[in-house]
Amino acid sequence: MNGQSPGPSDYPLLLWPQAASADAVQSDHLIWSFTLLTLVLTVPIFLSIAWFAFHFRAGKEAHRQYSDKRSRLLEVSWMLIPFLLTLGFFYWGAKLFDRHKHAPANALRIEAIGRQWMWKFQHPGGQAEINDLHVPTGQPILINMISQDVIHALYLPALRIQMETLPGRYTQLWFKADKPGVYRLYCSEYCGTDHSKMDGLLTIMTPTDYSNWLRRSGNSTSLASQGKMLFSSYGCAGCHDQGSVVRAPSLAGLFGSPVPLEAGGTLIAGDGYIRDKILYPDHNLIAGYKQVMPSFKGVVQEGDLVLLTAYIKSLPAPGAAGSTPGPEKTQ
Amino acid sequence: MSPSDLVLGRVSEGVREPHPGRTTIDREPDYLHDEHTLRSWLGSTDHKRIGILYLLSITFFFIIGACAAGLIRLSLVVPNGQIFSNDTYNKLFTIHGVVMVWFFLIPSIPATFGNFIMPIMIGAKDVAFPRLNRTSWYIFMTGAFFTLFTVVVGGVDTGWTFYAPFSTTFSNTWVVPALIGVIVVGFSSILTGLNFIVTIHTMRAPGMTWFRMPIFVWTMYATSLIFLLATPVITIALILLVMERAFHIGVFDPALGGDPVLFEHLFWFYSHPAVYIMVLPGMGVISEIVPAFAQKKLFGYRFVAYASIGLASLTFFVWGHHMFVNGESETSAVVFSVLSFAVAVPSAVKVYNWTATIYKGSLKLDTPMLYAMGYIGLFVVGGLTGLFLATLAVDEHVHDTYFVVAHFHYIMVGGTALAFLGGLHYWWPKFTGRMYPEALGRLSAFFIFIGFNTTFFPQFLLGYLGMPRRYHNYPPEFQLLNILSSAGSVVLALGYLFPMFYLTWSLRYGKRAPANPWNAKGLEWTTSSPPPKHNFETPPTVDFEPYDYIAREDRV
Chain A
1 MNGQSPGPSD
11 YPLLLWPQAA
21 SADAVQSDHL
31 IWSFTLLTLV
41 LTVPIFLSIA
51 WFAFHFRAGK
61 EAHRQYSDKR
71 SRLLEVSWML
81 IPFLLTLGFF
91 YWGAKLFDRH
101 KHAPANALRI
111 EAIGRQWMWK
121 FQHPGGQAEI
131 NDLHVPTGQP
141 ILINMISQDV
151 IHALYLPALR
161 IQMETLPGRY
171 TQLWFKADKP
181 GVYRLYCSEY
191 CGTDHSKMDG
201 LLTIMTPTDY
211 SNWLRRSGNS
221 TSLASQGKML
231 FSSYGCAGCH
241 DQGSVVRAPS
251 LAGLFGSPVP
261 LEAGGTLIAG
271 DGYIRDKILY
281 PDHNLIAGYK
291 QVMPSFKGVV
301 QEGDLVLLTA
311 YIKSLPAPGA
321 AGSTPGPEKT
331 Q
Chain B
1 MSPSDLVLGR
11 VSEGVREPHP
21 GRTTIDREPD
31 YLHDEHTLRS
41 WLGSTDHKRI
51 GILYLLSITF
61 FFIIGACAAG
71 LIRLSLVVPN
81 GQIFSNDTYN
91 KLFTIHGVVM
101 VWFFLIPSIP
111 ATFGNFIMPI
121 MIGAKDVAFP
131 RLNRTSWYIF
141 MTGAFFTLFT
151 VVVGGVDTGW
161 TFYAPFSTTF
171 SNTWVVPALI
181 GVIVVGFSSI
191 LTGLNFIVTI
201 HTMRAPGMTW
211 FRMPIFVWTM
221 YATSLIFLLA
231 TPVITIALIL
241 LVMERAFHIG
251 VFDPALGGDP
261 VLFEHLFWFY
271 SHPAVYIMVL
281 PGMGVISEIV
291 PAFAQKKLFG
301 YRFVAYASIG
311 LASLTFFVWG
321 HHMFVNGESE
331 TSAVVFSVLS
341 FAVAVPSAVK
351 VYNWTATIYK
361 GSLKLDTPML
371 YAMGYIGLFV
381 VGGLTGLFLA
391 TLAVDEHVHD
401 TYFVVAHFHY
411 IMVGGTALAF
421 LGGLHYWWPK
431 FTGRMYPEAL
441 GRLSAFFIFI
451 GFNTTFFPQF
461 LLGYLGMPRR
471 YHNYPPEFQL
481 LNILSSAGSV
491 VLALGYLFPM
501 FYLTWSLRYG
511 KRAPANPWNA
521 KGLEWTTSSP
531 PPKHNFETPP
541 TVDFEPYDYI
551 AREDRV
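Protein sequences, first through last, are from chains A and B. Under the UniProt record's numbering, think of the first position of the first sequence as 1, with each following residue one higher. Under the UniProt record's numbering, think of the first position of the second sequence as 1, with each following residue one higher.
Chain B extracted, bound-state conformation:
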């Protein structure tokens, strides 16, 4: 271990003293080794252990969602849909969408890193309501398993969007249990959001002012606001859907006197902000990684913080851009279109500021940074194609085609999954006390980037050429691009498999991690890897700015 690992920027006595991370007799056992029983994990109120529980759960759901995706891509290799029946195909893309959106993407970064790292970043010893936090995980698992149960017994074929009146009247599948599961998971989101907001308001260490909070904490705050304000809307909308299906109350089905467009409004009033539940935390992770691996202060810190709150607010006013071709009035279409363009501004702020952060830095291209750079590329492509979709006349053509599929995968997979993997590698030493194998990490980042682009870029072309989404049978002229896309998905799958194996391997054989392997800033790097049960040996006080990397002289 080099001395630079031990000597951190500005050390205030007894506060930022790092631990070398080796088992020593003079300190408490860390949170991982505190107790070993299953019960000590399942009954734990420690935010770190709950974060790990979420990590394991969402990995499990990711595998299910990814298997469904693989089968979808397998089926689309042939245009005539001979591999599965139409019904099976419809159930596959539904389960892929439901699992990935609700059980992976939405909880991914907030529930894992948010739980594990955020309290440490603000110098707290736990979240504000530790038992509520544990309850949230149980609620999440209950809901998710309830929905998964429907897959075992027969499946759902509504698509993750559950549009009425198909879902309320016409589908002959297990819609109600699937919906109940999603509704229940929503409560977990609301409680987590509430918990984080109170934590950030009340549990910050002395000296940790709002503008000394790392951007990741800002994005957790913004995300929690969306959790708290938007999730109730989808909860109510889905409850109405269940009621309508069970009791024919006539809210959405015109045959019963309802309005199907009302469901589209309610659905997107949540689901558009939900995109930012996925994107904002990703931005937060990248805002931690980029300064650490450039060894330079985050450029325009305040702008980036404001942009996070700006994005969270703006995102509530653009849901109508999902409805340009449903007979929505021309005036509202124009208003929603221009508001959607406005979302580009705070998004651009972030991208420019990350780029400016790299400028004149001292760059180390380790795995987290490779993921971050891949993220920036994919996010930019996803964001700009979002502007295409917000452009009225363009949306009239590419709406509900593969262009949309490609766009939201760039945003949601590119934006969330890459940030998640980047963050996973970045904080892995902190989570586990072990280092991952660097060469394999870089290889996985490379595979994912290549595989992702090969899978999804052809889909932009497919959409522009006019291939509708959710099509099991498609005209033969689209086969070449579909084969390319499916081939890419194999590479992408390999890219996902690598980390699963070598990270598991590293748990036992990985090098022991020092407290601060990246020479990074932030309170989480001042405590040992893995942290002690209450995060810090001595409660920290904060007398430094965020990202206080030393201003560099002209040096090597």
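Isolated chain A, as found in the complex:
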């Protein structure tokens, strides 16, 4: 912590959650409007029950005559009106959720790995941090995450979002923060002995502070170049580099493009696809190639998989020279 901005410990008694993004404020509006509606729906019931209990108590003189004729209209309307009103909140919540599901294309991509019991975050420039996460304001941040062992969940309360990290499968989360400060981050899915110690601090900084922080944190080699080294050391280059004798598919421009499958159909080559191809090359055979690649399961660890993927992602499609997408240029 740099000591300039207040940390969460400066709020010894938290009575109001901090909101660090416009979307978090939106979530708050949704929550409080819904609370208001529930009060409108329930307070009359509670008051009537209390009033009836008092007014119609046994032994008290009261007007108790009632007709057995029932008002269907009343019964249907007292069910339907509250239901439709609450459905409005379903719609509001779904719309906001939908926004949270589609990250803008220019998002800054941060890799996260959860394991018992720590978080590892890696910035595109190769800066890595444990349990702490530094991000700039004003820019969409996409966190691409995976677990190395059990299910965890990355929870950022100041942004009102969380997402499980699953072993064997990438999940994503994006946000755009606009209020610099130090907030908490947690693991919210129970993951064993030190689950409650798998927390840390989310530091949201201005873009200038962020680039300073990146510089201070040692601008080691970018994730892509680290991946490139691994690509050679694991021997991937021997087959997949251009000019190799083995006729292996070229990886240039592979990321995000459709891959025709032997079994018919196509798959989009995302993080999950590349990870699976390295670990389980026999799955989803590619049309037109003989499967000779060995499995790297048990050889390449989650962290290296992230680096290899970053490298493959950085390879421009032939013809689109130098058109690496934005985030990789941060370095």
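Derived by calculation from the structure, the hints in this document are not laboratory data. It is possible that some hints are incorrect.
[Said to hold, decoys possible] Calculated pairs, DSS-like style, for lysine-lysine (alpha carbon to alpha carbon, straight line, at most 25 angstroms):
1. A:LYS69 x B:LYS360
2. A:LYS60 x B:LYS360
3. A:LYS120 x A:LYS176
4. A:LYS101 x A:LYS120
5. A:LYS95 x A:LYS197
6. B:LYS125 x B:LYS533
7. A:LYS60 x B:LYS364
8. A:LYS197 x A:LYS120
All of these numbers come straight from a predicted model, not from anything done at the bench.
Please build the complex by placing chain B on the supplied structure of chain A, with the hints as guidance.
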């Protein structure tokens, strides 16, 4: 005893003739005094005795679960988790969850009141398969003790949700025996459900048509359907979990080629309906208590009956709302969200109809009614916060926080435990032939309501502020609300202790109960307190509508 205790609504000769409940020479000994040996209890096929056996067993499990809860709240008084080690804390909340859900809440009302009262309510002399019923109790006890054994030898730290691959590969605790116990208990649920369904179909007294059944019987029917249809799913899921842990078969652990999300699906496909195994019987109890203490017909009887079946059916289609933040597709998230909103409709039907039943009634605020009113309040809060969790963007924030903890305690403790206590006081005279002390009963209801809200309401705030659940160490800014919650739990514990003492006391010193101390309707009040061995002196016939409280003139 007032004459009104003796003269019931419409008495058909020889059918609804009440017994004054005093030991008389002209009748058979009641089921309690029929035989006295331990063997006569443990070998009994009498649904009433089995109901009492369940009552004693689940009380025992409740005490264990409650002690674990107390220790959890004690530990959370300090943020740094110094009272227990992390492992001990994790084992405590696991045992609290496992015991309370599987050995208390799920069997609570169905196995006790369902067994004791339901056959009497439909005018049957027992359940359809009395020996199977006895076997179910033995299966239940075997499974439950098997799981409790794991606590003695070392404990389990997976949480009651047993998520894979933590439970299959990473936990170093006694997962397999705990799972086997839960699997075995599941069979008891299935058999009880089967028994009740056949009983309700085939053993109703002459004249007891479907729409003359009390709502409690309807909810037992709906609950039994869930028992029968959903329990096999969890049984299979847990068997797969055991196999995976023992033989590494690779169903759930991705390192073995499995899928951890598959377990979440299988688990919640049972465990969401299981919430209604807890809630529906509670609704049934409240639907008996409210008309009795308002002395008025249950408003919208048919709607309430349909709503019970509606809830039981809908609940099978909402399990996905536990998985909004696990990478489930956006489309399925939206579908599960809107379906979950639909559950609110039948739930609302019940609440409105109870309220309308009180209107223009002649209200007696005795203990069961106080519990019922507390129940309505807590159920409404629990239900509406369920809608918050079903709202996608809200769930993204409060999922797996204390908001969820508060929500399901409002539903499950507020909804089930209060209904259970209300029903226990309501039918206590029938179970035991004795009255409980009314003043102490009211006091206990009051303590529980205050204690419960002080314990769990702060947890909604904690969740909204962002405190994750199952946290042993938590940031210091959450301490104030945690202290408040723990303080509330002391009051709540007192509220639970009172009834344990005065109900036990009443067994010996309580006033003798008449057949119908509440002037209530329903076949169970037409037989003596406690009922004779075969429930009725003469088999009843039914020629009256349910809840046939006299339509009131304008009177005092």
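Please work out if LYS69 (chain A) and LYS360 (chain B) have their alpha carbons no farther apart than 25 angstroms.
With Cα atoms ~14 angstroms apart, LYS69 (chain A) and LYS360 (chain B) stay inside 25 angstroms; holds.
Hint consistency between LYS60 (chain A) and LYS364 (chain B) [alpha-carbon to alpha-carbon, up to 25 angstroms]:
holds (11 angstroms)
Is LYS101 (chain A) within 25 angstroms of LYS120 (chain A), Cα to Cα?
Holds: LYS101 (chain A) and LYS120 (chain A) sit about 23 angstroms apart, inside 25 angstroms.
Would the pair LYS95 (chain A) and LYS197 (chain A) pass a check requiring their Cα atoms to be no farther apart than 25 angstroms?
Roughly 34 angstroms separates the two Cα atoms, so the pair is violated.
What's the verdict on LYS125 (chain B) and LYS533 (chain B), does the C-alpha distance respect the 25 angstroms limit or exceed it?
It holds: about 8 angstroms lies between the C-alpha atoms, which stays within 25 angstroms.
Need the status of pair LYS197 (chain A), LYS120 (chain A): alpha-carbon distance at most 25 angstroms?
Between LYS197 (chain A) and LYS120 (chain A) the Cα gap is close to 14 angstroms, so the pair holds against 25 angstroms.
Against the 25 angstroms threshold, does the CA-CA distance of LYS60 (chain A) and LYS360 (chain B) hold or violate the hint?
Holds, because 11 angstroms separates the two Cα atoms, which is no more than 25 angstroms.
Within a Cα-Cα threshold of 25 angstroms, do LYS120 (chain A) and LYS176 (chain A) meet the stated pairing?
Holds, at about 20 angstroms.
The structure is inconsistent with hint 5 alone, although it conforms to all the rest.
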